[in-house]
Every structure is written in structure tokens, then in C-alpha cells.
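From the two separate chains plus the hints, produce the assembled complex.
Sequence order for the protein chains is A and B. In terms of my numbering, the first sequence opens at residue 1 and continues consecutively. In terms of my numbering, the second sequence opens at residue 1001 and continues consecutively.
The set of hints was computed from the structure by calculation and includes no laboratory data. Incorrect hints may have been included.
[As the list claims (entries may be wrong)] Cβ-Cβ distance ranges computed for the label pairs, FRET-style: (1) PRO1148/B with THR34/A: 48 to 58 Å; (2) GLY1090/B with ARG257/A: 21 to 31 Å; (3) LEU1127/B with GLU160/A: 22 to 32 Å.
[As the list claims (entries may be wrong)] Okay, the calculated bits of chain B under chain A, using three or more residues with CB under 8 Å as the criterion: (4) 1049–1055; (5) 1330–1341.
For glycine and all other residues, C-beta sits at the position ideal for the given N, C-alpha and C.
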Amino acid sequence: MGFFTDTSVCIGCKACEVACKEWNLVPEDGLDFTAMSFDNSGGLGADTWRHVAFIEQRAPIGVQETGVGRPEGAPDPVDLGMPSFEPPGASADGDATGEFRWLMSSDVCKHCTHAACLDVCPTGSLFRTEYGTVVVQEDICNGCGYCVPACPYGVIGQREDDGRVFKCTLCYDRLGAGMEPACAKACPTDSIQFGDLDELRERADERLRGLHEAGVGSAQLYGRDPGDGVGGDGAFFLLLDEPEVYGLPPDPVVTTRDLPSMWRHAAVAAGALLAGITATFLGRRR
Amino acid sequence: MNTSDVTKEGIRGARPGREAVTGADSALGGQRRERPADDGGGRGSEFGTYYDRPVLNRITWRPRDIAGYLFLGGLAGASSALAAGADLTGRPGLARPLRYTALAAVTGSLAALVNDLGRPDRFLHMLRVMKWTSPMSVGTWILVCYGPLAGAAAASQATGVLPGAGRLAGLGAGAVGPAVSAYTAPLICNTAVPAWHEGYREMPFVFVGSGAAAAGGMGMITAPVGQAGPARRAGAAGAAVENAALAVMERRMGMVAEPYRTGRSGTLMRAAKALTIGGAVGALAGRRSRAVSAIAGAALIAGSACTRFGVFAAGQASVADPRYTVVPQRRRLRDREQAAQQEE
Ligand code: SF4
Ligand code: SF4
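Okay, chain B solo, but in the shape it has when bound (with noise of 0.2 Å):
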């Protein structure tokens, strides 16, 4: 039993003793005894863990549900801002589907992140506070000014009622759109799970080039093929912009890229690349067929999800080691030692 209290001004009654000294021998007092060079527990190596148990909790996130909002929601900001510039070219037969498609996007993707709560009732308490530090308020903020935006637009295009206001709606709803197809890379960055933070100055274009590969997609596959030419450079250019940005991210995450190559992860990521890859090719070299377009559409759309998936795999498999924990940790520790060692 502990006989010391604290009270407000402080600790009373303190146990003397306290200060007994673990495997003390005074005859070697002042020598310091250098630690041990390897026992066995992987010290020798870089780093050591305990008994290889993660250092960080496991994301509780479900896979389809964030994984699907991450993807629901590049569709939806993407197709928007298609849909605006299809409406102000008069290419009514593109911005038409475009439309339809963000709302049902931005719909399925606040359905998807609600379901995820543990407490799916309360998901109002996110509209108490307005956080910048966290992207997930920031998020619902923006969804708050988009979803209704979308829901108009698409709502006044369906019924013809109130055709101008709808268009005003459609626009807003483009010009916002970006932003909700790029927080969600902050959102999954602003983590200490090391495959997504160490990604962090790439994943927002990974993102919209995701996002508008997607929607690039759903326009060559719904819209005729004479008006769907802007959606099929935005589906290629954003799988250009995705894979890109992917190759730079791998090669500066280092070890931390591992995920993204191996295991469930790596495959999702190599299934994200051919079919990105390979819908691009479909939407520049299939210009004149409906057919090639919507299936190169669908791979792009697929692609997309892959993408999405892909990246919350690696995240999930990052924190699951502890090596892509210590590892770059330890790593940083020794070069800030080594750089004060040199400045000395």
C-alpha cells in the first residue's frame, strides 16, 4: 500500500527508500556499464519489439465502409466538376449522368461513413465543432456545403423544376467538388499508421487523379460518345496523375513502401495499376466505339476502387508490423544523434 497522498500542495508523507537502486553494487560505483550487445531479442539487428507486437492499435475502420467513402467521394468531387464544365461547354449529354452519378456518390459515401460510427445516431455530434486539425471534421464541413449543392443540381435536372437555380447548384457543386475528392488523403495521412502519414505530400494527387479517373469512367460509359471526349482525357490524365504519383510516393516512403507491393495490399495495388493503365489506353485508343469506351470506362471506374482499397490494405498491414513502426523511428533517432555527434 502506498502511504503517501497527494493532496493540493502537493505529496504528503512520501515512503523514504524509495530511491533503493535495482542490482546496485557499490564497488563498481561510478562505472557505467555498457548494455549488452544482443540477447537473443533481435537487438542486434536494427531494431526490437516486444514479443513482435504491434506498437499501434489496429485501425478500427472497416474496409468497405472507408475504403468505399474514400472512393464514393473522389467519384462524387470528380464528377462534379465534370458535370459543370460539360454544362457550360453544352454538352448536356455528358453533365446529365455526371450529375446523377455525384449524388448518388456523395449519398453513398455519407451513408458509408455514418454506418462506420460506433454510435451511427450521433453522427450530428460531428456537427458540434469546427476543427482544422482534424480532417474529419473539416470533411463534414465541406460534405455539409457539397452534398446539398449535388443534391440539387441533380434533383433540378431530373424534375426540370427550377432549371436556373439548378444550374447555379451544378456549378457550386463543381467548383467544390475538388476539395471533396482531395481531403480524404489528408484524412487517412493525418494518422500515425506509417504507410499512410509517410505518404502524405503524394497521396492528394494519388487521390483526385483517382477521383477523376473514376468519373472520367462513368462519362465515357454513360454519355454519348460524340460529347464524353472531356471525360475521356480526365479519365486518362487522371490515371496518368494517379500512377505517377504513386511511383514518386514508393520511392520516397522507402521500407514503408512494402505494403503497397506485398501481400493482399500489393495486390490490389498491381489489379489498381493494370486496370487504370489499361482503361486509359481503352479511352484515347477507343474514341470512336461506344463499346471500348464503357468498358474502358468501367476499368478506370474499378481501377479506382482498387486504387482505395489498395491504399487502406497497406495502411492496415503498415501498422500490423511494428517493424514500419521502429524502424524509421530508430532510423531518425540515429541521424539526429549522428548530425548533433558532427556538429560537436
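One chain only, chain A, in its complex shape (with noise of 0.2 Å):
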């Protein structure tokens, strides 16, 4: 089971990160302005299981007609431009007015197929449930924090007044009784979908080829490939940007995929530091 995301269709409501809040009792994580956006959790860690991105860009979102449908004679539309502290066409020059886009996106735990932070916990607490997706158990977890450098999307974090890691168990428990998570649950629009992980793909695809068809040439999926580097995400994304845009990694690759050839480093290292030891003692006796 798991999450496809398609951002294409978020309205940057934050009911999503409201709803996981509410059900899984996150604690609350800083009433801050970022001061860059709408965006006021920043990114993912112990206390924002979801995170909704926002980006503002001088760009068309795709071929856009803003006059469309208007009745003959309407006066024509007014050009806001980029969100700014001065009053909407205060100081239009020529590029501070046109096209502008703004994209939303609600960030997740990727529930990697191959994840880090499961392979590198050395308490066992971070395991794969029944249903593929990677969960804490808090009872366990000794606060090492080693996962949360391992995780190559920035994940999962550490509540320091705690001392344990915290993230998205794409609600363990509300899955045992049958329900969705509380975010896909709560999503106004469908931007968040929960279900079989084949059916998402299938889902995302088609939605790809639509926008695709309809002119939207940037949109692509993220994190669906089996074969990338994390052996694909079970939450996964359809974007409407390069993934770095929207603070994801473009091509994330499991830590542990290297770790065979590091452990060989290491024995090799290991053996010349004896057989170099040895070698001191040879020779003269001073």
C-alpha cells in the first residue's frame, strides 16, 4: 500500500498536514514564518510527517488561456504578478507582470522499497510492515539518530526534548482498521490518493499522459520507477518541476547499495593496519 501524490491538483490547503497532526498527536513544531512563502513548516522531520511545499514561479503552469470563457466585452483580466508587499501593479515594469505559477506540493515519507534508515537502525527499531511501509517502534528506538543521516530525502528527524526519531507511518493503525491515512483521508481535492501501489502507478500514468496531451510538457512522476535508486518509493509523486525545486533529491540512491564494497574497504584497511603494525617490529631492535 502507499501513497500517490499528484501535485498538479493541490490547492495548498494544509488540511493534509492539520489531519496527520491530529490523528498520529504530532506535537507542534514552531509556529514560524519561513519568511520565503506560504510555506510555514519548512520540511519534514520528528514533528511534520507531511509537508506541503510551496513554490512561486515566473513561469506558465502550461498553456494557460486566462481569458477563456470571458463574455464579449469584459474588460480584460488584471495582471497581479508575483505575490510582492507593494499594491498589484504598483511597479510593473515589463517582467514583473506576465506569466507567474504557483506550485504546491505535499511531502511525505517516501516508504522506500530499499530504505536507509531501516537497513542502517541497529536497534531493530525501524522495521517493514504487512503492508510495505517502514515504521518506528517507539518503544525500541534508543535514539542513536543513525537513520537520520541515512535517509536520502531528509526525512526523519529527532525530537530533541524527546531523543527518539519520529516520521510518517502512513498510519499504521488506521490501516489495521481498514481506513485510509488521515491525510489521504482528509485531502479536499484527491491530491494525495492512498491505495495498492500497482493501481496508484497505473492511476499516475494515465494522469501523466493527460497532462502531457494537454500541453504540460514539465509534469513527470517521481520516486515510481522500481528500478531508481531507492527500488522506487512507495509514496511517490507526480511533479510539476525538476524534483530539487520542490527540495527533493533528483536521483536518491539507498546508502547500503555501497555498503558490500565498504565493508571490503574496511577489511582491506583493517588487514594493512595489522600486516603494517607487524612491519614495525621487523628489522632493527630500538
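Pasting the structure below:
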């Protein structure tokens, strides 16, 4: 089971953030302004399991026709331009107006098929559930913090006053009761869709085809491919720009993919140390 | 409100109209719109970011604890190996202090590790499992083998009780010691931290070199000059291996090596280089003088510590700047696309 987040229909209402907090009793994470956009949670962490990103761009979303369907003789639409601190149009020079789009995307733990956090956990606190999701057992976690830098997406975080790590559980408790996760339930536009991954992938492919046909050439699926560096995401996305613009890594790789080679290098180094120290005792006796 | 519901049988009552197409204009249907070249968001350059925020989450390890842990672990492991050699070749004046060093260092490193846990009282949860995919788990088990051996060797040395068993324990600790020094490299490299992961081939050599330099330095300070020959050689060779491995690592890492040259981590790495090279020269030149040996030994130990703190700080710096995460991945994607195109 997993999520397909279709960011092209996200309206940035943050219902998912709120629903997640309420259902999972996630503590408050600072009522801050980030001073960069309407994003006020900044990024995923111990106390932010859903994070809605806001991106303002001077770009058309597709081939948008703002005047479509206006009655004959109606005044031209007013271009409000990029959000700013001035009244609209006050400093309207040539390039301050025109094409403008707002991208919104609700980010979440990807529930990787090859999850680095799970691999590196030395206590076995992180485990894979019967739904294929990745969950922390809070009574086992000893707060070693290893999973935090291991996650290639910057998802999991440590709660400072508690010491343990927390992240999205894909509402493990709700799944057990046959319900869908709180964020998907709350999403008014079905931007967040929950279901069987195969079905979601099919749905996503169809949606992508539709968008491409409609002229939204920048639309792309992210994390859908089971052949990627993490074996595909259990929560994948339809994005309207490159992943890094949303704060996502463009080509994440599960760190343990290189671990066999790391162990080999370390074994050679350990052997070299033993041999080297032995060598220091050869020769002159002084 | 979402009217659809997910049941064990699948999705029920999904709303129609989910296919609403963003910005659609059927007039141009079928024609793909090219993405704009640059919207001022820095995309014209090699990468874009989300308001320059880091992609990865901040490393929560405290530098004093974990860099200190790396340093002490390296010192302990190499000290045990050196002490075992000294014991076998009849250099009690070198073996004794190094056994004490090993015990003190492994105790310190364990204390640092436990202190860094968010829940130190739950340290024993590490012993629930044994996972080769987790260097921290493997390392815990290595320490579980190594710690008692190093402890027994030092205890028997100090008290004179069971000298035979103590010697055996010392040899055992010497055999396991190199693993203690080396495993900390996979420990940090097995993360998504660019400045660590990209150096995984050379890091073990940096770390064993650095451990040997520190143990050699300790031997030069504590052992009489007549018996400190192997310590001097280990110190000098360790310093040479460490610096050579670092040079190779930085060259191969490309832009991700920047944190090793700039900022606080760059300062630490430069200090480490000066101290280890100075210490190595002193170790070779000052073989007749106890004072020169001690100063050179101290420089080697300090250099080893600077290396670990520098590597740690470089990792932190490479996480804080999204460039180090995004650019190499973008290049990888581009190279892959180009390779695929060439095949066509
Ligand atoms: S996104 Fe990060 S936290 Fe989530 S499963 Fe993957 S590695 Fe673990
Ligand atoms: S994902 Fe849905 S609920 Fe969340 S912000 Fe977007 S539209 Fe709102």
C-alpha cells in the first residue's frame, strides 16, 4: 500500500498537515513564518510528517488561456504578477508581470522499497510492516540518530526533548482498521491518493499522459520507477518541475547499496593496519 | 472532504473528475510545451533548490561525542595492536602504557557513544539484533568482543594477576583492534551525507592511518626511547597513509570535497595535516631525544583528533548546502541520459 501525491491538483490548503498532526498526536513544531513563502513548516522532520511546499515561479503552468470563457466586451483580466509587498501593478515594469505559477506539493516519507533508515537502524526499531510501509517502533528506538543522515530524502528527524526519532507511519493504526491514512482522507482535491501501489502507478501513468496531452510538458512522475536507486517509493509523486525545486533529491540512492564495497574496503584497511604494525617490529631492535 | 474510502477490497466511491487537467487548453492539445529556460530560480545554472534549504536533515550527532568516538576508537584499536606486537617482541615498556591507553580510549569512546544516544538508558537495545547492514550494529558487536579483551589485558597488567591470561587477552585485543579502528569508516560513510558517502573507498585508510598515528604518538610519549622504535615507525607511517588517502579521496570526490578545504572543516583538516606531518618528521628525526619524541607524539595525537573532527565537520557542512546533494545527482542523471542516447 502507498501514496500517490498528484501535486498538480494540490491547492495548498494544508489540510493534510493538520489531519496528520491531529490523528497522530504530533506535537507543535514552531508556529513560524519561514519568510520565503506560505510554507510554514519548512521541511519534514520529527514533528512534521506531511509538509506542503510552496513554490512561486515566473512560468506558465501549461498553455494557460486566462481569457477563456469571458463574456464579450468584458475588461481584460488584471495581471497581479508575483506576490509582493506593494499593491498589485505598482511597480509594473515589463518583466514584473506576466506568466506566474504557484506549485504546491505535499511531501511525506517515501516508504522506500530499499529503505536506508531501516537498513542502518542498529536496534531493529525501524521495521517493514505487512503493508510494505516503514515504521519506527518507539519503544525500541534508543535515539542513536543513525537513520537521520542515512535517509536520502531528509525525512526522519529526532525530537529533541524526547531523543527518539519520528516520521510518517502511513497511519499504521488506521490501515489496521481498514481505513485510509488521515492525510489522504482529509485531502479535498484527492491530490493525496492512497491505495495499492500497482493501481496507483497505473492511475499516475494515465494522469501523466493526460497532462502531457494537455500541454503540461513539465509534468513528471517522481519515485514511481521500481528500478531507481531506492527500488521505487511507496509514496510517489507527480511533479510539475524538477524534483530539486521541491526540495527533493533528483536521483536518490539507498546508501546501503554501496555497503558491501564499504565493508570490503574496511577489511582491506584493517588488514593493512595489522600488517603495517607487524612490519614496524621487523628489522632493527630499537 | 474525500468521499472515497479505502477498503480491503480496494477504493470505493472515488469521485469522478479527478482527471481535471491543470492549465489545460484543448486548443493546443497534443502539443508539448517546452519548459521555460530560466525563471530566475537559478535553474539556468546547473541546479535548482527549494529556497536553498538543505535536502537532507541535519546530522543530530554531537561533534564532541561522535567525532571523539571516532578518534578514541581509532586510538584504542591501533594501541592494542601495537601493544600486542611490543609484548611479543619483548618491549614491556611500550606494551604497558599502550594497554592502559587502549582501555582508557575504548572506555571513553563507549561513554561518548552512550552519551550521544537520545535515550542513553536504552543502550542495551543495540544488543537486540545483529545486522550487517548497520555498521553501528556491527561495531557494537566488535566492541563487545574487543572491550573485555582490552580491559582484561590492562587489568592483569596493572595488578599482576593471571599474567598468562592477561597476555592472551592482550594478543586477542591486538587482533580485534584493527577492526575497531577501521569499522568507523563504514559507520559514517554508510549515510547519505555527500562528503562521507562519496569517500567510502578511501575513508577506511584515512581512519586506520589516523589511528596508527595516534597510537604511535602515544607510544612515543610514554615508552622509553629505546623501546619506542615501532611506535615511531607506526606514527610516521600512519601519518603518511592518512595524508595520502585523504589526497586521493579529495581528488576523486570532485566538488563534494570542497568542505574539506573550506570553512571550519577546512581549517581542521589543514591543522591535521600540519600536525601529522610535523609529528611524523619529529618521530623519525628525534629518535634519540625523549623530549622531541614526546612533542612529536603529542602532535600526532592532536593531528589524529583534528582529522576526525575535520571529517565530521565536513560531513555537517556538506549536508547544510543542498548543492552537494543535488549537483552530483543531477550530473549522474545527465550522464545516464547521455549514455542511453548514445546507445540508441
Ligand atoms: S524516505 Fe527516508 S525515512 Fe522514509 S522510508 Fe525512505 S529512508 Fe526511511
Ligand atoms: S495535499 Fe490536499 S490537503 Fe494537502 S495541502 Fe494539498 S490539497 Fe490540501
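Results for each hint:
1. PRO1148/B with THR34/A: 48 to 58 Å: Because 51 Å falls inside the window, the suggested range holds.
2. GLY1090/B with ARG257/A: 21 to 31 Å: Since the Cβ atoms of GLY1090/B and ARG257/A sit about 48 Å apart, the hinted range of 21 to 31 Å is violated.
3. LEU1127/B with GLU160/A: 22 to 32 Å: Because 26 Å falls inside the window, the suggested range holds.
4. 1049–1055: holds (count 6)
5. 1330–1341: This one holds; 3 residues, not fewer than the three required, reach chain A with a Cβ under 8 Å.
Of the numbered hints given earlier, the model fails hint 2 alone.
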